[in-house]
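**Q** Work out the full structure: start from the sequences and follow the hints.
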Amino acid sequence: MELYRALDMDLDTWEVVSVVGGGGKTSAMFTLARELSEMGRRVLVTTTTAIMMPEREQYDVFLNLSNEGDIDKLFESEPGTVTVLIGNFIREDKLKGIDEELVDKIYERCYFDNIIVEADGSRMKPIKAPREDEPLLPSVTKKLVGVIGLDALGKPVDEETVHRVEIFRSITDSEEGQSIDEETVSRLVIHDKGLFKGGELMERYLLLNKADSEELKAEAREIAKLVEGRNEIKGIIIASLKSGDILKW
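Each residue of the sequence shown is one higher than the one before, counting from 436 in our numbering.
Simulated from the structure, these hints should not be mistaken for lab results. A hint or two may mislead.
What the hints assert, rightly or not - Distance condition first, Cα-Cα at most 27 Å in a straight line; then the derived DSSO-like pairs of lysine-lysine:
(1) Lys529 - Lys540
(2) Lys590 - Lys677
(3) Lys529 - Lys677
(4) Lys669 - Lys577
(5) Lys683 - Lys628
**A** If you want it as structure tokens, here you go:
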């Protein structure tokens, strides 16, 4: 199943998708971007925080706002292409994002069919809790995708596995070193300051990524049962984005 189908994307209108969480945000963004561009849609990928430099095959056009003239080139992108827009380089392999208000303004031009935004950071960890000032969501976001890496299951609640571990402990009522299980994950998902914080007016989709084995798929289904019908989640997706295996719960 394609990710855009699992997200119930409306191909007859413009939509902004924001992605939060950990354990595969960037993979989800570029998987979705490529699917949409291959249908002839003009796609913009950006971030309101920071991302690692994408692989060259993941985009067609790369624009840096710190380069004179790049903002003008933004509205020259062709249909069927993926354009990456950044604010500047933090270092060679890490990119600074743009303000969420700028995303709103770009959307209002009705030029890009889809804008996909990474709206928080996770320091490459499979699971996280949002800080008070996170996520940085453009107001025009229609769909909010919360990503959790299933490789967090069975790991301890510590700084190696969890980004913003103290906030995570408070939200999930867990102890330092406690093993992360399906109940722990479900509490993060349904808490109003958890995975979908700030997305009350948006369509919320849970993406359980790295379901790379039958055991992990079974654990994902248990999480789905625990959160189904909670926190107004519109859809639950169990996926191994690495292998292209995507299932709508």
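**Q** All hints are to be evaluated individually against the structure, with a verdict given for each.
**A** Verification of the supplied hints:
1. Between Lys529 and Lys540 the CA atoms are separated by roughly 24 Å; this keeps the pair inside 27 Å, and the hint holds.
2. Between Lys590 and Lys677 the CA atoms are separated by roughly 21 Å; this keeps the pair inside 27 Å, and the hint holds.
3. Simply put, Lys529 and Lys677 have alpha-carbon atoms about 22 Å apart, close enough for the 27 Å limit, and the pair holds.
4. The straight-line distance between the Cα atoms of Lys669 and Lys577 is roughly 12 Å, inside the 27 Å bound, and the hint therefore holds.
5. Straight-line distance between C-alpha atoms of Lys683 and Lys628 comes to about 25 Å, which keeps the hinted pair within the 27 Å bound.
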